[in-house]
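Student: Count the sequence shown with our numbering and you get residues 1 to 140, in order.
It cannot be assumed that every hint is accurate.
Computed Cβ-Cβ distance ranges for the label pairs, DEER-style [stated by the list, open to error]:
#1 ASP25 - PRO46: 27 to 35 Å
#2 SER45 - ALA131: 35 to 43 Å
#3 VAL88 - ARG133: 16 to 24 Å
#4 ASP51 - LEU110: 28 to 36 Å
#5 ALA131 - ASN81: 42 to 50 Å
#6 ARG43 - GLY104: 29 to 37 Å
#7 VAL88 - LEU110: 46 to 54 Å
#8 ALA113 - LEU63: 23 to 31 Å
#9 ASN81 - HIS40: 40 to 48 Å
#10 PRO16 - PRO46: 21 to 29 Å
#11 ILE32 - GLY95: 39 to 47 Å
Simulated from the structure, these hints should not be mistaken for lab results.
Virtual Cβ for every residue (Gly too), placed ideally from N, Cα, C.
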Amino acid sequence: HANFYAVHDTTKSRIPPEPDQRVVDINLKSVINTTYLAQHYFRLSPHGGSDGVLVMTGSTGSLYPAEFCAMYAAAKAGVLNLMRSVAVSFHQVDGIRTYTICPGTVRTNLLSAERWGAFPAAYFTAVETVAARVCMRAVP
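All chains, full assembly: derive it from the sequences and hints.
Tutor: So, in structure tokens, the structure goes:
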């Protein structure tokens, strides 16, 4: 994840390069697009959206500052607040329940085993735990 505050030129004589915003595209913009497509397709379903469930993936970065990955934390905070912003209208108008899960670090293929080894074991949330929480939310 890109460090938003990375030092690019210690002389301060040049404008720094534009930040790589793929982390925002992937972790926030895609969720916004999916949310509105989900609402559209829930409405087209035989139940008209009633009892539909939309679970968004946040992170502990949704809740707490993360100085080494500020854009990631900002994107995940945006996911949580997107859910908060649409939850009432989605439910009142269409009967769609919305949730955001905010797991801690989940071991994925994004990093090597060696890099994951630098994290304390207590930081990890098992992927099975995340899946179980999503399934819990899907049941009315």
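Student: Hint by hint, say whether it matches the structure.
Tutor: Checked hints:
Between ASP25 and PRO46 the beta carbon distance is about 33 Å. The supplied range of 27 to 35 Å therefore holds. Separated by about 23 Å at the C-beta atoms, SER45 and ALA131 break the suggested range of 35 to 43 Å. Taking the beta carbon of each, VAL88 and ARG133 are about 22 Å apart, inside 16 to 24 Å as hinted. The hinted range of 28 to 36 Å is satisfied by ASP51 and LEU110, whose Cβ atoms lie roughly 34 Å apart.
Take ALA131 and ASN81: their Cβ atoms lie about 24 Å apart, and the range 42 to 50 Å is violated. Checked against the hint of 29 to 37 Å, the C-beta distance between ARG43 and GLY104 comes to roughly 34 Å, which is consistent with it. For VAL88 and LEU110, the Cβ-Cβ distance of about 34 Å falls outside the hinted range of 46 to 54 Å, so the restraint is violated. The beta-carbon spacing between ALA113 and LEU63, approximately 28 Å, falls within the hinted interval of 23 to 31 Å.
At about 21 Å, the beta-carbon gap between ASN81 and HIS40 misses the expected band of 40 to 48 Å. With their beta carbons about 53 Å apart, PRO16 and PRO46 fall outside the hinted range of 21 to 29 Å. Separated by about 21 Å at the C-beta atoms, ILE32 and GLY95 break the suggested range of 39 to 47 Å.
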